[in-house]
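With chain X's structure known, arrange chain G on it following the hints.
The listed protein sequences derive, respectively, from chains X and G. Counting in the working numbering, the first sequence runs from 1 upward without gaps. Counting in the working numbering, the second sequence runs from 1 upward without gaps.
Some hints could be false.
Put simply, identical chains are the same to the list, so a pair is met inside one copy or across any two.
[Claimed, not checked] When the alpha-carbon atoms are kept at most 25 angstroms apart in a straight line, the in silico SDA-like pairs for lysine to any residue are as follows:
#, residue 1, residue 2
1, Lys28, Arg38
2, Lys10, Ala142
3, Lys10, Asp122
4, Lys10, Gly143
5, Lys307, His57
6, Lys10, Ala121
7, Lys201, Thr164
8, Lys308, His57
Simulated from the structure, these hints should not be mistaken for lab results.
2 protein chains.
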Amino acid sequence: MFRINENYSKLPGSYLFSTIAKKVSAYKEANPDKKIIRLGIGDVTLPLSAPVIEALHRAVDEMGDAEHFHGYAPDLGYAFLREKIAEQDFRLRGCEVYADEIFVSDGAKCDSGNIQELFAADTKIAVCDPVYPVYVDSNVMAGRTGTYDPVTGTWSNVIYMPCTEENGFTAELPKERPDLIYLCFPNNPTGAAITKDRLQKWVDYANENGAVIIYDAAYEAYISEQNIPHSIYECANARTCAIEIRSFSKNAGFTGLRLGYTVVPKDLMCGEASLHDMWARRHGTKYNGAPYIVQRAGEVCYSEQGKKAIREQVAYYMENAARIRSGLTEMGYSVSGGVNAPYIWLKTPDGMSSWEFFDYLLQNANVVGTPGSGFGPNGEGYFRLTAFGTHENTLEALSRIRGI
Amino acid sequence: MFRINENYSKLPGSYLFSTIAKKVSAYKEANPDKKIIRLGIGDVTLPLSAPVIEALHRAVDEMGDAEHFHGYAPDLGYAFLREKIAEQDFRLRGCEVYADEIFVSDGAKCDSGNIQELFAADTKIAVCDPVYPVYVDSNVMAGRTGTYDPVTGTWSNVIYMPCTEENGFTAELPKERPDLIYLCFPNNPTGAAITKDRLQKWVDYANENGAVIIYDAAYEAYISEQNIPHSIYECANARTCAIEIRSFSKNAGFTGLRLGYTVVPKDLMCGEASLHDMWARRHGTKYNGAPYIVQRAGEVCYSEQGKKAIREQVAYYMENAARIRSGLTEMGYSVSGGVNAPYIWLKTPDGMSSWEFFDYLLQNANVVGTPGSGFGPNGEGYFRLTAFGTHENTLEALSRIRGI
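Chain X extracted, bound-state conformation (with noise of 0.2 angstroms):
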């Protein structure tokens, strides 16, 4: 009889946002008058922006004339796309990064959840507490995350670094020692930024203790400060420890398009073997590259008009969460985040659990947000807003948080 991954069964619960969803339906369905506001799932609300569509319909009709139709898109991606991407996402910003180090994919999300395949089976993790799921769930699957302790909500094998109020949300070196260590920042869940400073200390660490980096710099877009940096690359010596994910979902709103990409630097070796090679042989085999018309929307972005586009959709999410941030303090919520991200960071009030105050904020204001704790054991006792509502949603989803 054949056997299943049984590591599958490791998994507690279902993915956090399914749970969400599940939780939302069955209070819509017991109150179908009820207009929820969701501000809990960071997906975009605006529309894609007129350069993208412009950009969209003349791949379509590319796609249907013989003369200019696309069929299999080369595995890492067109040539058009990684060029800018590798120019205008780093070279401008002085990052030595090359369009051939480039890898265009259908998102990050499934560039964050596959990366780890490519090392060994007993790699050690180490995640920031609270964190996205993907990182853990998809170690969990491979193997890698050892037993699950319930009461604790961590696993015996991976290396926890708590984001807390003490140290800014931004963890601390670990003392035991990982092999991959995956950091997001601006962060998601707790929109908090890192200074470059800071992230060169990680970056050294990387390289003198052997570990690679995973770095999703999904929500560079939202920083406003100086002295963020937008890219792992800008630090020095990144090139032999860091893998750097991005996304097209939060500064273009390509959450329904789906578009990311993954830089792995040739300097990035193992003795012989270089992780660039071996994961070009991972898109080759298992991956058959993104749509030809997605591409040429990613194109566009890097266009004058493009880059207007995004400014603006990303002024309008920053002034959500300007009000969300403002709003809430007033209030008297402890808040943070929301200034180099689209995401608000805050305590829950009275002591309450994480999914206490999901529960009391669907029920008496009908808003979704999401529980800090189905981040990781430290994200208890904390709730995630993004800004990714519609002004309109958001200015009143505050007015109901304030009524109740």
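For chain G alone, kept in the frame of chain X given last:
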């Protein structure tokens, strides 16, 4: 120091089609004046049909309008597409398959590469020989295949099921019991089809032996003969042993648009563990859904106009297949396939090896095909040509081959 997944280094050479691409581009560079005709990789040449193009434009317009914008898709696919698939691809053919058993994805290659993750590390796989390289390579990366013997071109822990002239290229039931059996019919690369009676024997074997069949039906639309099943669920009791993978690439020409799906029936259990639930969990954790606009394009393939367009595209390619078959037969080649599949499988002449014939055709006729040995040891001495060229190029290729 971190360590890599050493299984990657066991993979001999690069992915077959990457090797071919490199050889062709070296030849082109050395001979810039030669017009190369590609009948190698199975990429389509006809543009997307008018109904698909219209559906894409409509969906793009929705994405530019706040009221109709679509962000993250449901992990498993939109209901509008899953319901059409279940009804038209399955229930109208008498197969018991439901919408919530359909998992929409960005293509059959990803699904056939990822599906092995659901199974135990020591799962024993059986594959046809020759075979589409992704099935074996993805299991090599997962460490299941033992050691590679470069002389025989086989892995010590894989059960090979020879597909030869003698068994009509449809393989015999294996003598050693496998856990996981990969079958692809109509077959890539041989173009062979399997009758319903014969496929029923595989289903019965799998049920009796506690094995799972991964049934790759990407070429289903090319079936022209009666008594050739379009789905494995046409066979009795397939719901307890079979997963089916489908593609929009070869029927509707979505190679550059990326859409496919996998059926995991809810009856497919391993004790208490449901493979359906596991695959849903994988989608939820490591995938973020196929683009809304592409799913709308998939939906229109089930309209009357969409189905008519698919029939016309398939007929166009099958006219090529018939020409290649008859042309090569006239020239004295021994050919099979091309009746229920867009692939023609020919014996190389004069005892040439597959790669010798590849070079011979490339240099003398400037025609690119795929060496049979690239698909496995029993492919040695064979060569695959695809019917996916234009009529003009197909006829021109035949005329050039005739001339050498």
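Going through the hints against the structure:
no.	hint	verdict
1	Lys28 <-> Arg38	within (12 angstroms within a copy, 55 angstroms between copies)
2	Lys10 <-> Ala142	both (11 angstroms within a copy, 19 angstroms between copies)
3	Lys10 <-> Asp122	both (17 angstroms within a copy, 18 angstroms between copies)
4	Lys10 <-> Gly143	both (9 angstroms within a copy, 21 angstroms between copies)
5	Lys307 <-> His57	both (19 angstroms within a copy, 23 angstroms between copies)
6	Lys10 <-> Ala121	both (16 angstroms within a copy, 15 angstroms between copies)
7	Lys201 <-> Thr164	within (18 angstroms within a copy, 60 angstroms between copies)
8	Lys308 <-> His57	both (20 angstroms within a copy, 24 angstroms between copies)
The structure shown violates none of the earlier numbered hints.
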